[in-house]
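Chemist: What follows is each chain in one-letter form.
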Amino acid sequence: MRWPVNGNHRKNEIFILPVLWSFRYYAHGDRKTGIRHCHDEGSKKLQGTFRSRLTTLAGLDWDEWREPYIKALSGSARGLHELRFKADGVQQRPLGFVSGIREFTFLLWATEKGGRFVPLSAPETALRIKDEVRGDRSLTNAVWFALE
Amino acid sequence: MQYGLPWSEEFVRELADKELRDEFVADQIRTRVAMLIRALREQPDRDWSQSELGRRMGKPQNVISRLEDPDYGKMSLQTLLEVAAAFDLPLWIDIPEWEDWFGKIRDLPKKNFARSSYDADRLAAEAAAAKAAAVASKEIRFGSYVPATSPGPRAKIIEFSSRSRAA
Chain A
1 MRWPVNGNHR KNEIFILPVL WSFRYYAHGD RKTGIRHCHD EGSKKLQGTF RSRLTTLAGL
61 DWDEWREPYI KALSGSARGL HELRFKADGV QQRPLGFVSG IREFTFLLWA TEKGGRFVPL
121 SAPETALRIK DEVRGDRSLT NAVWFALE
Chain B
1 MQYGLPWSEE FVRELADKEL RDEFVADQIR TRVAMLIRAL REQPDRDWSQ SELGRRMGKP
61 QNVISRLEDP DYGKMSLQTL LEVAAAFDLP LWIDIPEWED WFGKIRDLPK KNFARSSYDA
121 DRLAAEAAAA KAAAVASKEI RFGSYVPATS PGPRAKIIEF SSRSRAA
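Residue numbers (this note's numbering), protein chains in the order written: chain A, 1 to 148; chain B, 1 to 167.
It is worth saying that the hints were derived from the structure and are not from the lab.
To give an idea of the chain B side of the interface with chain A (calculated C-beta under 8 Å), a few residues:
no.: 1; residue: Phe11
no.: 2; residue: Leu20
no.: 3; residue: Arg106
no.: 4; residue: Lys110
Glycine included, every Cβ here is placed at the ideal spot set by N, Cα and C.
Chain A with its partners taken away, still in its complex shape:
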């Protein structure tokens, strides 16, 4: 599909890719690791970057979801993915999983310091929430902002 971005300027006609992915988040997170809470309490840098990365990932096929943008965790955290970005001098690592066809659900907001998650139990907690969420989708909401 070709969509003229501005009908008055055909010279600027470009090819626009559709949004492929939708995002949800666990809506009952606590004040320290809840996705919405950490986002809303974060700086504009954190908020703008998080929104930007989701906008980008939403337009990519699954095989293009890779580092340095997102990383599949291994070992005891297998089944989880961490979004990777830096904001406010901190490595932000919101954790989530692929919850459906082209749907990704964020479970909790972790950060990384010295190669370790903060909180240290983040993957373990995320896996527990993942089990809850898989059993009851109503524990999640669609992300609160538009991707296009």
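Here the structure of chain A is known, so what remains is to put chain B in place on it, guided by the hints.
Modeler: Then chain B, alone, in the frame of chain A:
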């Protein structure tokens, strides 16, 4: 897709906060540059390692790794020129209208993305073909050249013939 536009009412209203908008724009551009460099490097007919690109730029591999990191935001215009030159591609920088920008950010350098290095024969052949078509049609052509955004025909010309313009 929002009724023919690459943005919705909600999307633009949520970006009404200037500080948030500035951060969003900055990250989109940093991400795009990082993805672009990797996509060009990994393009099948190049398939360069980071070390190979570094060698062509006269930089160590860790510099290329940093350039492909969307969190690294200190790339200079000179570095961008050197990256483009290493691929033998031109560089284009613009400060567009928002309408255009919202469309451009959806045009990601994905896996089938490909850009050809300078090839005088190919470019000259395109010019010759365009000239031949114009002569054959015996019409004055008012139009614009739209670069191809995916593999296939290199480009197309949107034509507005002298007749259709007159009409």
